[in-house]
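**Q** Once you've looked at the hints, dock chain B against the given chain A.
These are the residues of each chain, in order.
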Amino acid sequence: MSITIARVEPSIAGVGDYIELMKPRVMSLVVFTAFVGLVVAPGHVHPVIGLTALICIAVGAGAAGALNMWYDADIDGRMGRTAARPIPAGRLAPGDALAFGLTLAGFAVVVLGLLVNVVAAALLAATIAFYVVIYTMWLKRSTPQNIVIGGAAGALPPMIGWAAVTGGFAIEPVVLFLIIFFWTPPHFWALSLYRTDDYVRAGVPMLPVVAGAEETRRQILLYTLFLAPLGTVPWLLGYAGPTYGIAAVLTGAIMVVLAFRVRAEGRGRMAHKNLASKQMFAFSILYLFLLFAMLLVDRMAGALFGHFAA
Amino acid sequence: MAVGVTMNDAADEQKPEPGIRLTEQQQRARRARSIAIAVSLGVLVVLFYIVTLVKGPGVLDRPL
Numbered sequence: 001m002s003i004t005i006a007r008v009e010p011s012i013a014g015v016g017d018y019i020e021l022m023k024p025r026v027m028s029l030v031v032f033t034a035f036v037g038l039v040v041a042p043g044h045v046h047p048v049i050g051l052t053a054l055i056c057i058a059v060g061a062g063a064a065g066a067l068n069m070w071y072d073a074d075i076d077g078r079m080g081r082t083a084a085r086p087i088p089a090g091r092l093a094p095g096d097a098l099a100f101g102l103t104l105a106g107f108a109v110v111v112l113g114l115l116v117n118v119v120a121a122a123l124l125a126a127t128i129a130f131y132v133v134i135y136t137m138w139l140k141r142s143t144p145q146n147i148v149i150g151g152a153a154g155a156l157p158p159m160i161g162w163a164a165v166t167g168g169f170a171i172e173p174v175v176l177f178l179i180i181f182f183w184t185p186p187h188f189w190a191l192s193l194y195r196t197d198d199y200v201r202a203g204v205p206m207l208p209v210v211a212g213a214e215e216t217r218r219q220i221l222l223y224t225l226f227l228a229p230l231g232t233v234p235w236l237l238g239y240a241g242p243t244y245g246i247a248a249v250l251t252g253a254i255m256v257v258l259a260f261r262v263r264a265e266g267r268g269r270m271a272h273k274n275l276a277s278k279q280m281f282a283f284s285i286l287y288l289f290l291l292f293a294m295l296l297v298d299r300m301a302g303a304l305f306g307h308f309a310a
Numbered sequence: 001m002a003v004g005v006t007m008n009d010a011a012d013e014q015k016p017e018p019g020i021r022l023t024e025q026q027q028r029a030r031r032a033r034s035i036a037i038a039v040s041l042g043v044l045v046v047l048f049y050i051v052t053l054v055k056g057p058g059v060l061d062r063p064l
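Protein chains in written order, with our numbering: chain A, 1 to 310; chain B, 1 to 64.
In isolation and in its complexed conformation, chain A is listed as follows (with noise of 0.2 Å):
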């Protein structure tokens, strides 16, 4: 009686393959949040040790992307835009990417543990475990609110670096935290609108796919229509300058108008052009990016200011 054994052939993923599995654009997002939220914590962190929080941060970020592609190798591979991801592609064995994530994901909570303290250390491994867990193995497949609540996993990172800081929470990072969980749902649906296709062909309940789109369009505009005041509240509590606020109203507008704009699309004739729905994305990264930088140019700005008066 024979056995037959499943030979595993030896790897040809080289490293530019784990870099991709670990979703590096996603990882600079998540270390800039985390940046920000370090740098407007009161008091005083060494910055070698700021450093290694972050780097810790950025791995942790990234065994979080492998977990999240080893999980989702089969819808990967069903969609256009991710198709070409290494394991679907039959770079890297599944099994790879599942010892490098858990690798990468216990190496970068012990050592922020160890360096820097338990209070980050646990929140990072709290956004890992509900990144992986909850988002990508539970709620991705099972309800249109998916990116919703699995947002707050890419909220947590300026909670990650404020607390890489003080050792604890404030006010202040979960008000970066809300702003980061109400601009996913329009983030993400902007891009689900043009990609409808895709995500049906996956089976992932993405909101078009079970609302239709009339209805996401809905949902993109008031989530953002609620976003844009959030967006400036860093400046009505006070620990943020005018610069921010100014910074905050403006870009905030823009994405309302650009909100209204996806909305309007979907009763034109060009709706299935997605013109809005792409600009709607495009701009909702920048308007991400430009409000934690004006956050840290505020800082920056008060603390030359401060320095020169002084």
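Since the hints were made in silico from the structure, they are not lab data.
All values reported here derive from a predicted model rather than from experimental measurement.
Quick reminder that beta carbons are idealized off the backbone N, C-alpha and C, glycines included.
A hint or two may mislead.
Part of the chain A face toward chain B, derived, beta carbon under 10 Å [said to hold, decoys possible]: (1) Asp17; (2) Pro47; (3) Val48; (4) Pro88; (5) Asn117; (6) Leu296.
Restraint-style ranges between C-beta atoms, simulated for each label pair [as the list claims (entries may be wrong)]: (7) Gln26(B) / Val249(A): 29 to 35 Å; (8) Pro18(B) / Ala129(A): 42 to 48 Å; (9) Gly306(A) / Thr52(B): 31 to 37 Å; (10) Gly16(A) / Leu60(B): 32 to 38 Å; (11) Gln145(A) / Tyr49(B): 52 to 58 Å; (12) Gln26(B) / His272(A): 43 to 49 Å; (13) Ala253(A) / Thr52(B): 45 to 51 Å; (14) Ala122(A) / Leu44(B): 18 to 24 Å; (15) Ala253(A) / Pro57(B): 52 to 58 Å; (16) Gln26(B) / Leu237(A): 52 to 58 Å; (17) Leu102(A) / Leu22(B): 24 to 30 Å; (18) His46(A) / Glu17(B): 54 to 60 Å; (19) Phe226(A) / Leu60(B): 28 to 34 Å; (20) Arg201(A) / Ala36(B): 42 to 48 Å.
**A** Just chain B now, with coordinates in the frame of chain A:
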């Protein structure tokens, strides 16, 4: 009389595997991965060293 069917293991006997031979591409990929792992571990070592210098004697002293 029925002829018993014997398990013929002869056909299943395989010559000893010659061992896994990596192709050129697999070798290059493995080398690149190994170097990346070595560099990452080196960075980790350097990081621990610098943080130890920065934090002084009480390396594990940190706010909870």
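**Q** Please go over all the hints and tell whether each is borne out by the structure.
**A** A quick look at each hint next to the structure:
{"no.": "1", "hint": "Asp17", "verdict": "9 Å, holds"}
{"no.": "2", "hint": "Pro47", "verdict": "9 Å, holds"}
{"no.": "3", "hint": "Val48", "verdict": "5 Å, holds"}
{"no.": "4", "hint": "Pro88", "verdict": "18 Å, violated"}
{"no.": "5", "hint": "Asn117", "verdict": "5 Å, holds"}
{"no.": "6", "hint": "Leu296", "verdict": "24 Å, violated"}
{"no.": "7", "hint": "Gln26(B) / Val249(A): 29 to 35 Å", "verdict": "56 Å, violated"}
{"no.": "8", "hint": "Pro18(B) / Ala129(A): 42 to 48 Å", "verdict": "45 Å, holds"}
{"no.": "9", "hint": "Gly306(A) / Thr52(B): 31 to 37 Å", "verdict": "33 Å, holds"}
{"no.": "10", "hint": "Gly16(A) / Leu60(B): 32 to 38 Å", "verdict": "37 Å, holds"}
{"no.": "11", "hint": "Gln145(A) / Tyr49(B): 52 to 58 Å", "verdict": "46 Å, violated"}
{"no.": "12", "hint": "Gln26(B) / His272(A): 43 to 49 Å", "verdict": "46 Å, holds"}
{"no.": "13", "hint": "Ala253(A) / Thr52(B): 45 to 51 Å", "verdict": "50 Å, holds"}
{"no.": "14", "hint": "Ala122(A) / Leu44(B): 18 to 24 Å", "verdict": "21 Å, holds"}
{"no.": "15", "hint": "Ala253(A) / Pro57(B): 52 to 58 Å", "verdict": "54 Å, holds"}
{"no.": "16", "hint": "Gln26(B) / Leu237(A): 52 to 58 Å", "verdict": "57 Å, holds"}
{"no.": "17", "hint": "Leu102(A) / Leu22(B): 24 to 30 Å", "verdict": "25 Å, holds"}
{"no.": "18", "hint": "His46(A) / Glu17(B): 54 to 60 Å", "verdict": "55 Å, holds"}
{"no.": "19", "hint": "Phe226(A) / Leu60(B): 28 to 34 Å", "verdict": "44 Å, violated"}
{"no.": "20", "hint": "Arg201(A) / Ala36(B): 42 to 48 Å", "verdict": "34 Å, violated"}
Violation of the numbered hints given earlier is confined to hints 4, 6, 7, 11, 19 and 20; the remaining hints are satisfied by the structure.
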